[in-house]
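Chains as they are written, first to last, in our numbering: chain D, 1 to 458; chain H, 1 to 458.
Incorrect hints may have been included.
Selected chain H positions facing chain D (in silico; Cβ < 8 Å) [claimed, not checked]:
hint : residue
1    : Ser158
2    : Gly218
3    : Ile228
4    : Ile235
5    : Ile296
6    : Thr301
7    : Tyr311
8    : Glu312
9    : Asp314
10   : Gly315
11   : Leu320
12   : Arg331
13   : Asp425
Just so you know, these hints were derived from the structure itself, not from any lab. Glycine residues also receive a C-beta, built at the ideal position from the N, C-alpha and C atoms.
Okay, here's what each chain looks like letter by letter:
Number of protein chains: 2
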Amino acid sequence: MALDKVLAHIDENLPDATDRLLKLLSIPSISTDPAYKDACDQAADWLVDDLNSIGFEASKRRTPGHPMVVAHGPEVGQHVMFYGHYDVQPVDPLDLWDSPPFEPAIEDTPKGKVIRGRGSSDDKGQLMTFVEACRAWKAVNGSLPAKISIFFEGEEESGSPSLVPFMKDNADELRADIALICDTGLFGETTPAIVTRLRGLLGEEITITGPSKDLHSGMYGGISMNPIRVLAKIIAGLHDETGRITLPDFYEGVPELPTDIAGQWDDLNFDHFEFLREVGLSTPAGEQGRTALEMIWSRPTCEVNGISGGYEGDGFKTVLPSKATAKISFRLVGDQDPHAIRKAFRAYVQDQLPPDCSVTFDQHGASSASQMATDHPAFEQARQALSDEWPNAAAFTGCGGSIPIAGHFKEILGMDAMLIGFGKDDDQIHSPNEKYDLESFHKGIRSWARILDKLSEV
Amino acid sequence: MALDKVLAHIDENLPDATDRLLKLLSIPSISTDPAYKDACDQAADWLVDDLNSIGFEASKRRTPGHPMVVAHGPEVGQHVMFYGHYDVQPVDPLDLWDSPPFEPAIEDTPKGKVIRGRGSSDDKGQLMTFVEACRAWKAVNGSLPAKISIFFEGEEESGSPSLVPFMKDNADELRADIALICDTGLFGETTPAIVTRLRGLLGEEITITGPSKDLHSGMYGGISMNPIRVLAKIIAGLHDETGRITLPDFYEGVPELPTDIAGQWDDLNFDHFEFLREVGLSTPAGEQGRTALEMIWSRPTCEVNGISGGYEGDGFKTVLPSKATAKISFRLVGDQDPHAIRKAFRAYVQDQLPPDCSVTFDQHGASSASQMATDHPAFEQARQALSDEWPNAAAFTGCGGSIPIAGHFKEILGMDAMLIGFGKDDDQIHSPNEKYDLESFHKGIRSWARILDKLSEV
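Looking at chain D on its own, in the form it has when it is part of the complex (with noise of 0.2 Å):
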């Protein structure tokens, strides 16, 4: 049979495979940093190169920002999406690292051999596992199961600023009847999941200017407003005293858990205190009232993702600041509208500003959460053949996190999208020692070896 020879080729090659993987990893491609400008060109050509050896044709495509990088197969069959980044967060706090983030290097831990370094997870490993698989069927094979196209970005880490217009400009080329994206997680150890479900996300950067200079606290304190104090007040009034955040008309478009879905979440069992555990915390910090569930796939956030302002060197200095900055960023699920909540966020702050005070704001993406269309056959069809390969049949899930580009496949192409990820929770991303375990790869390899198989047999 087709598939147990290429699952054969898979296991046999995966040196080979963790090597190519190494070296991707090895090129520091964060996106939201002008400075590695370079470094993401060059991650874009390594994959036009890599993906050319295998029989796809392969470009680079220039945007504003990084280049997208498409690929397309053979026409064979039904067609098929895949879509990843090769962007990766940035790196700081850098000594934090236990081993340098762009010398990759598989590690023996005790919970088994893992891929370390930034990118590992989110989303080189990930998008790698697909391209391997593909590699795999056409060796074996001498073709592909599939009319496979390849869409890789290297901007999502930071807002994605030119997905849509290039979407747009390209939506003919880039229409499939599916779509396929890896970056998210498994469910658990050993449980693979497919999302079904994605909350949108919406960033803000505020600066509150309040004397036109840095001032001494001794001679201005008490007379001065200081915008660090402004800046305080602002955040501390997002959230009421039962985590629900106060913004004027924030929970329009938040449905309430249908009670088939809830079931469904119940059914499998979060240890939400093993969740907590392994981040040093033991308590669910959000809405009075949710499940843990809930608070990280069903209900809408407010963070602070950083701020800064004063004096933030060794020491102390007596300094009365200029200015105070903050990044805040709101994570959206059911209908929630970024836009009229980003309204509403600059309106409330401007009304929290006393005199002396101004605000400027930088916008960082707006996204609406996803819901995916799990009645299209092709989520059966997954879920089959994750549950073959993994010990546990597969779950529909939620996710937290914010993948715009599901909601973008579905609006500008209407297209929909399955999302399948071999991630953990404890991989870091974001994070210093980022990691991929070997198994995900090796599996996550192997789940789409097995999932082309049976999207061919339409």
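Using the hints, position chain H against chain D.
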């Protein structure tokens, strides 16, 4: 007359005096940053050499931190102790300086010539006014008009950790009939001031820890407590809506301003609109129902001098941070007890912590407010000397800053102190582009010559 000759000598030799100051300013003696330890040592050496060259017996005295400089002149009449500090504030944000902070220069400005550079006003330029007055006396008369001792420290901008132990260990050597402290400013452009009250200072650095590491705000947002939110709530809760500080018993020991002092201050016709306009502000932002001078001279404050947490770089990173830090300071007045307030502050912070959050505290100095003994005859002598030099008569004023040395002189050595200085509100001390008016320097030297002359009349 001896004094007239000294004043003429000062006028003639001003260029040389300025050159000496520029040399001292070029030494980057930032005491709070360990990277500049050698520079602090170098500044102390420079002062020892300079004082020895004009007939003092000067020496550098080791401490666990930066060295002290102590010098004694010959026994002649009343014993006067002069205090200043050779260390300076950090220079960041460096990009806001129009010229390098440690490449001092004389600049022409629309308001006259200024000496530009870090420390020009706080406190190297000020301390050199006294040294130059002594040099001129010595040059003209071959001797000094009083027994003069000099005491320079190098840790004033970093909480003076070695000061009290050093004073206790050397109390007999340092005790004099009266202390002169040059680290304050003029009242207005042409009105000299003798400061008769100083606010105390209490510094606390707090770090809130939530999760044990930085997390992805998609995966964990909603279920995990964000330490920036906790910190913002703590800061926001420190003031009520009328601008009063909310810590229990915080106003214990804060006296109402006596009506005679209130009357004197009213007579000063302080233009707080102009004072605020210079720094881009218009509205006194302190406690409701207090005059502007009360806000900065006789009321306590709580300021946030710095805050940091999460991602502070360019762009956006959807991190849910492990830690958030703030540097918070209190200016104290009357009989407020810094140790009791530290205790109340820490109890308040602990009380605000939600489950899973912890806090660490670092203390940065704790000094009480000081009130000077204006009935000491030297006060009236100095007032007359200053009034002779400047267009307007000298005023007895307050000072919002904290110069704990005055309190230490009284408590440890039983010695009264007069605070006289020539800084201006727009000197930008503790800020980029610090300057000292050449006129402040020149008339400052002349003022000390006159004061020494008056004090020698005893």
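- Item | Hint check, Arg331/H versus chain D [nearest Cβ-Cβ separation less than 8 Å] | OK, holds: Arg331/H within 8 Å of chain D, min 5 Å.
- Item | Leu320/H as an interface hint toward chain D, with CB separation required under 8 Å | holds, 6 Å
- At a threshold of 8 Å, is the proposed contact between Ile235/H and chain D supported by beta-carbon distances? holds, 4 Å
- Hinted contact Ser158/H with chain D - closest CB pair below 8 Å: Since chain D brings a Cβ to about 5 Å from Ser158/H, closer than 8 Å, the hint holds.
- Given Ile296/H as an interface hint, is the shortest Cβ-Cβ distance to chain D below 8 Å? At 5 Å from the nearest chain D Cβ, Ile296/H passes the 8 Å test, so the hint holds.
- Per the CB criterion, is Gly315/H less than 8 Å away from chain D? Nearest chain D Cβ about 3 Å off; hint holds.
- Hint check: is the beta carbon of Asp314/H less than 8 Å from a beta carbon of chain D? holds, 6 Å
- Task: With chain D as the partner, please determine if Thr301/H meets the hint condition of a C-beta pair closer than 8 Å.
- Result: Hint on Thr301/H: holds, closest Cβ of chain D at ~4 Å, below 8 Å.
- May I ask you to test the interface hint for Asp425/H with respect to chain D, counting a Cβ-Cβ separation under 8 Å as satisfied? Interface hint status for Asp425/H: holds (7 Å vs cutoff 8 Å).
- Tell me if Ile228/H is really an interface residue toward chain D, meaning its C-beta lies closer than 8 Å to one of theirs. Check passed: Cβ of Ile228/H comes within 4 Å of chain D, closer than 8 Å.
- Query: Was the hint right that Glu312/H lines chain D, CB cutoff 8 Å?
  - Reply: OK, holds: Glu312/H within 8 Å of chain D, min 4 Å.
- Item | Status of the Gly218/H interface restraint (C-beta, 8 Å, chain D) | holds, 3 Å
Checked against the numbered hints listed earlier, the structure breaks none of them; every hint is satisfied.
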